[in-house]
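**Q** Here is how the chains run, residue by residue.
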Amino acid sequence: MNVGILLAAALLAAPILLAARNVPETVPFSEAQISRGAEVFVAQCVMCHGATGEEAVDWGPALHGESFWKNWEGRPTRALYSRIISTMPASEPGILEKQDVIDVVAFLTGAQPAGQSHVTDPDMLNRARLKNPEAP
Amino acid sequence: MRATTENSMSFRSSARLTLLVALILGVYAGVAQAKDGKARHDWPSFTGSLHADRYSPLKQIDRTNVGQVKVAWRRAAIDASVLARWPDAVASAYFRPTPIALDGILYAPNGTGLVEAFDGATGETLWVQQIPGATLRDIVGNSSRGVDSWRKGGDFRIFSVKGSWLYAINGHDGSAITGFGDGGRVSLRRDTPSNLAYFGINGPLVVGNAIIVAGNGGGNAGDAGLRAESTPEDIRAYNVESGALLWTFALLPAEGQAERASWGGDSARTAGTMGAWAPLSADAERGIVYVPTSAPVGYYGGARPGDNIYSNSLVALDAKTGQKLWYHQLVRHDVWDYDVASAPTLGRITVNRKTIDAVFQPTKAASLFVFDRVTGVPVWPIENRPVPASAVPGEVMSPTQPFPTKPPPFDRQTISEADLIDFTPELRKEAMGIAARYTLGDVFTPPALRGADGKQGVLVAPGAWGAGNWNTGAFDPETGHFYAVSTTIPGVYALDKTESERSTIAYGLLGKDPDPPAETNYGIGPRGLPLLKPPYGRITAYDMNRGEIAWMNANGDGPRNHPELKGLDLPPLGTVGRPVPLVTGSLLFVGESSDAIYGEQGIAGPSTFYAYDKADGSVLARIPLPAGQTAGPMTYVAKGRQYVVVSVGARGHAPEWIALAVGGDAQ
Numbered sequence: 001m002n003v004g005i006l007l008a009a010a011l012l013a014a015p016i017l018l019a020a021r022n023v024p025e026t027v028p029f030s031e032a033q034i035s036r037g038a039e040v041f042v043a044q045c046v047m048c049h050g051a052t053g054e055e056a057v058d059w060g061p062a063l064h065g066e067s068f069w070k071n072w073e074g075r076p077t078r079a080l081y082s083r084i085i086s087t088m089p090a091s092e093p094g095i096l097e098k099q100d101v102i103d104v105v106a107f108l109t110g111a112q113p114a115g116q117s118h119v120t121d122p123d124m125l126n127r128a129r130l131k132n133p134e135a136p
Numbered sequence: 001m002r003a004t005t006e007n008s009m010s011f012r013s014s015a016r017l018t019l020l021v022a023l024i025l026g027v028y029a030g031v032a033q034a035k036d037g038k039a040r041h042d043w044p045s046f047t048g049s050l051h052a053d054r055y056s057p058l059k060q061i062d063r064t065n066v067g068q069v070k071v072a073w074r075r076a077a078i079d080a081s082v083l084a085r086w087p088d089a090v091a092s093a094y095f096r097p098t099p100i101a102l103d104g105i106l107y108a109p110n111g112t113g114l115v116e117a118f119d120g121a122t123g124e125t126l127w128v129q130q131i132p133g134a135t136l137r138d139i140v141g142n143s144s145r146g147v148d149s150w151r152k153g154g155d156f157r158i159f160s161v162k163g164s165w166l167y168a169i170n171g172h173d174g175s176a177i178t179g180f181g182d183g184g185r186v187s188l189r190r191d192t193p194s195n196l197a198y199f200g201i202n203g204p205l206v207v208g209n210a211i212i213v214a215g216n217g218g219g220n221a222g223d224a225g226l227r228a229e230s231t232p233e234d235i236r237a238y239n240v241e242s243g244a245l246l247w248t249f250a251l252l253p254a255e256g257q258a259e260r261a262s263w264g265g266d267s268a269r270t271a272g273t274m275g276a277w278a279p280l281s282a283d284a285e286r287g288i289v290y291v292p293t294s295a296p297v298g299y300y301g302g303a304r305p306g307d308n309i310y311s312n313s314l315v316a317l318d319a320k321t322g323q324k325l326w327y328h329q330l331v332r333h334d335v336w337d338y339d340v341a342s343a344p345t346l347g348r349i350t351v352n353r354k355t356i357d358a359v360f361q362p363t364k365a366a367s368l369f370v371f372d373r374v375t376g377v378p379v380w381p382i383e384n385r386p387v388p389a390s391a392v393p394g395e396v397m398s399p400t401q402p403f404p405t406k407p408p409p410f411d412r413q414t415i416s417e418a419d420l421i422d423f424t425p426e427l428r429k430e431a432m433g434i435a436a437r438y439t440l441g442d443v444f445t446p447p448a449l450r451g452a453d454g455k456q457g458v459l460v461a462p463g464a465w466g467a468g469n470w471n472t473g474a475f476d477p478e479t480g481h482f483y484a485v486s487t488t489i490p491g492v493y494a495l496d497k498t499e500s501e502r503s504t505i506a507y508g509l510l511g512k513d514p515d516p517p518a519e520t521n522y523g524i525g526p527r528g529l530p531l532l533k534p535p536y537g538r539i540t541a542y543d544m545n546r547g548e549i550a551w552m553n554a555n556g557d558g559p560r561n562h563p564e565l566k567g568l569d570l571p572p573l574g575t576v577g578r579p580v581p582l583v584t585g586s587l588l589f590v591g592e593s594s595d596a597i598y599g600e601q602g603i604a605g606p607s608t609f610y611a612y613d614k615a616d617g618s619v620l621a622r623i624p625l626p627a628g629q630t631a632g633p634m635t636y637v638a639k640g641r642q643y644v645v646v647s648v649g650a651r652g653h654a655p656e657w658i659a660l661a662v663g664g665d666a667q
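Residue numbers (this note's numbering), protein chains in the order written: chain A, 1 to 136; chain B, 1 to 667.
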């Protein structure tokens with residue numbers, strides 16, 4: 001797959017990842033922010049985590065589905081931001097900009113239909129909790 | 001300052017007192033004398049010593065009391081002061097560091113790689129590494145496996161690799177040694193047009209006045225092996241005082257070197273993701289450093305014909321100059337990802353009444369090579385045995401691979417139908433069905449094109465995870481026993497043609513099986529169980545004076561309590577993962593590794609830390625831990641008491657250090 005295909009796959013997967021469920025305590029990320037997060041994901045995360053985060057191409061854990069959500073369900077959204085900005089990418093942690101990380105969080109966890117929030121400050125994630133958008 | 005009266009004490013009375021204290025401590029702490037005459041209360045290297053032996057002569061904790069060990073203290077992976085200043089700092093659950101212990105004080109990278117010093121008796125913080133003008137980017141990151149130290153008079157330094165930096169830290173207070181490099185650190189970025197980042201997870205090794213640094217290689221290529229263009233992570237040495245680069249040893253032989261011919265065609269211009277990501281070791285007295293190197297890039301080697309030296313090798317270098325003293329390539333033209341992934345362990349053995357200072361090199365392929373570490377001459381002959389050729393277009397395999405005639409392998413090197421799981425007839429039948437989808441191959445059977453002969457590739461033991469890995473070895477100089485800890489996970493090698501424009505290697509492991517069997521921690525297999533017969537994780541104890549196996553045990557329960565095996569009353573089947581051995585004056589400790597180690601190997605919940613009788617492998621104690629191990633255990637004495645410290649973490653458990661000791665309060 002080339003980068004374009006990967007990007008397309010990631011963008012196509014976004015609506016699948018974000019099932020139709022809007023939970024009040026989650027951050028209502030905007031569609032634009034989710035899309036930009038997909039772009040960052042393709043550029044920075046796909047190599048290890050797979051095109052949609054569903055499978056590990058190399059040695060990154062899945063970022064979707066049961067194995068992901070069993071560890072993240074109910075935790076502060078800020079915690080996922082902190083995990084990513086602190087430990088990713090594994091080959092050079094710390095290189096991601098704050099905005100890139102927020103956008104990736106939006107891609108991985110944002111609900112559908114998308115909201116209106118365009119988050120630029122990680123402090124805005126402090127009070128929100130993560131909820132699996134595909135959970136019944 | 002001490003009182004004047006104490007300072008003015010006569011030499012004779014001072015010496016007498018010192019002797020008395022030493023005797024009392026020696027008896028009280030059960031401190032043994034190592035064979036070189038030096039008492040070892042310390043754990044001076046993260047692999048135990050420069051010999052990477054993971055051995056301590058301590059035996060205050062012994063077979064009589066190991067059943068009573070309790071948690072003496074626990075310490076979170078990141079000091080609270082760091083989190084107060086940097087709340088986004090998060091420790092990866094894969095908590096790699098093993099502390100070193102010097103005079104009762106522990107030094108280790110924390111969960112983001114900042115060095116912390118803490119009291120060995122209490123776990124309380126003494127200092128945290130200071131980085132002048134630090135930003136979040138300097139603070140966050142991964143922990144390495146450990147640090148090393150250097151002392152000259154009152155100048156006491158801790159060296160640590162974090163991100164793309166080699167740091168020199170004042171061992172007394174954690175401040176930067178500003179005269180070292182650029183304000184206390186040296187950039188490890190590579191001399192490439194893109195100023196490629198260093199990528200490594202090992203700590204540095206100090207040998208004489210040289211700090212040796214090796215890395216993973218690859219240049220962000222990962223293990224997927226789809227791009228030929230990659231840059232080796234060469235071995236480098238820096239001066240302990242100034243940080244100046246002393247030498248570089250290039251893993252891709254330079255033009256003019258005979259070994260360059262092992263890279264056919266144009267491949268030397270691009271290929272070669274080699275590094276040395278397993279721990280190094282050194283013979284400090286002789287000034288030799290031992291480097292285990294990793295594989296070249298890709299599971300298809302058509303674009304890099306030849307043996308591809310110095311990949312998959314054990315290389316002995318002069319620590320002062322970086323000059324190669326000798327080397328042995330242990331896998332030729334690797335297409336299995338059989339890195340030499342274990343530390344080269346040094347030890348003295350006696351073979352046929354001849355004393356040999358040896359180096360023991362385990363491999364992912366389950367062989368244990370033994371060399372005279374000075375000359376590089378094999379202690380037992382190595383045979384070049386014929387191995388299968390490849391039918392993949394353009395792939396030319398080495399016709400032979402090296403096998404030691406002694407000692408025997410420490411894990412499976414073959415698969416046949418007779419090796420398939422047979423706990424029940426149903427499981428056996430399903431295993432046969434799964435196995436029938438592949439060509440079963442012995443070690444060094446090359447990858448096959450998907451669909452060739454109607455199969456979904458070859459199934460080979462060991463697979464890319466290796467039987468041996470960074471965790472594998474420990475050596476007991478008291479008995480001459482080498483302990484190899486290994487895992488049995490066969491690997492599927494099925495090549496598909498690459499299609500991405502990013503891929504510059506014609507074939508890769510793309511996982512395009514249209515109906516893949518379920519895969520678990522144990523690889524593919526029926527109903528969530530392994531495909532092969534047990535054990536799945538094992539300890540092999542070798543008598544290295546004879547080159548023979550003394551005993552072999554499954555390590556851990558493994559899947560014995562799986563619902564499909566209910567009522568079968570099975571013995572321990574062995575747990576997969578990367579458990580690290582620790583051998584002491586009386587015991588062998590081996591735990592179970594956690595699911596934090598990539599690949600979802602290991603266990604997710606509480607784990608067991610086993611204390612074995614090192615002579616025969618019988619279990620003496622099962623010590624419960626809240627999560628699996630992520631690094632090697634270590635031991636030392638602080639305030640007269642022996643401690644064993646274990647690094648633990650899991651995807652569902654915050655990483656931490658746990659100190660075990662006999663007596664005291666349980667937590």
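Incorrect hints may have been included.
What the simulated footprint calls covered on chain A by chain B, stretch by stretch (three residues with Cβ under 8 angstroms from a Cβ of chain B suffice, anywhere in the stretch; the number is not a length) [what the hints assert, rightly or not]:
1. 79–86
2. 121–133
So these bits of chain A aren't anywhere near chain B, every CB distance computed over 12 angstroms [to be verified]:
3. Ser30
4. Glu31
5. Ala114
6. Ser117
Pulled a few chain A residues facing chain B out of the computed Cβ check, cut under 10 angstroms [stated by the list, open to error]:
7. Arg36
8. Pro61
9. His64
10. Asn71
Because the hints were derived from the structure by calculation, they are not lab data.
Even glycine gets a Cβ: it sits at the ideal position worked out from N, Cα and C.
**Q** Each of the hints needs a verdict: does it hold here or not?
**A** Hint check results:
As drawn, the region 79–86 of chain A meets chain B at 6 residues by the rule of a beta-carbon pair under 8 angstroms; at three or more, the given contact holds. Judged by the Cβ-Cβ criterion of 8 angstroms, the region 121–133 of chain A is not covered by chain B as claimed, because only 1 of its residues qualify and three are needed. With a least CB separation of 23 angstroms from chain B, A:Ser30 remains clear of the 12 angstroms interface cut-off, as annotated. No Cβ of chain B comes within 12 angstroms of the Cβ of A:Glu31; the nearest lies about 26 angstroms off, and the non-interface call holds.
In this structure A:Ala114 is separated from chain B by more than 12 angstroms, as the shortest Cβ-Cβ distance comes to about 25 angstroms. For A:Ser117, the shortest C-beta to C-beta distance to chain B comes to about 20 angstroms, beyond the 12 angstroms cut-off, and the non-interface label holds. For A:Arg36, the shortest C-beta to C-beta distance to chain B is roughly 20 angstroms, which exceeds 10 angstroms, and the interface hint is violated. The beta carbon of A:Pro61 comes within 7 angstroms of a beta carbon in chain B, closer than 10 angstroms, and the hint placing it at the interface holds.
Among the interface hints, the one on A:His64 is violated; its C-beta lies about 14 angstroms from the nearest C-beta in chain B, farther than the 10 angstroms criterion. With a cut of 10 angstroms, the hint placing A:Asn71 at the interface with chain B holds, because the nearest CB-to-CB distance is about 5 angstroms.
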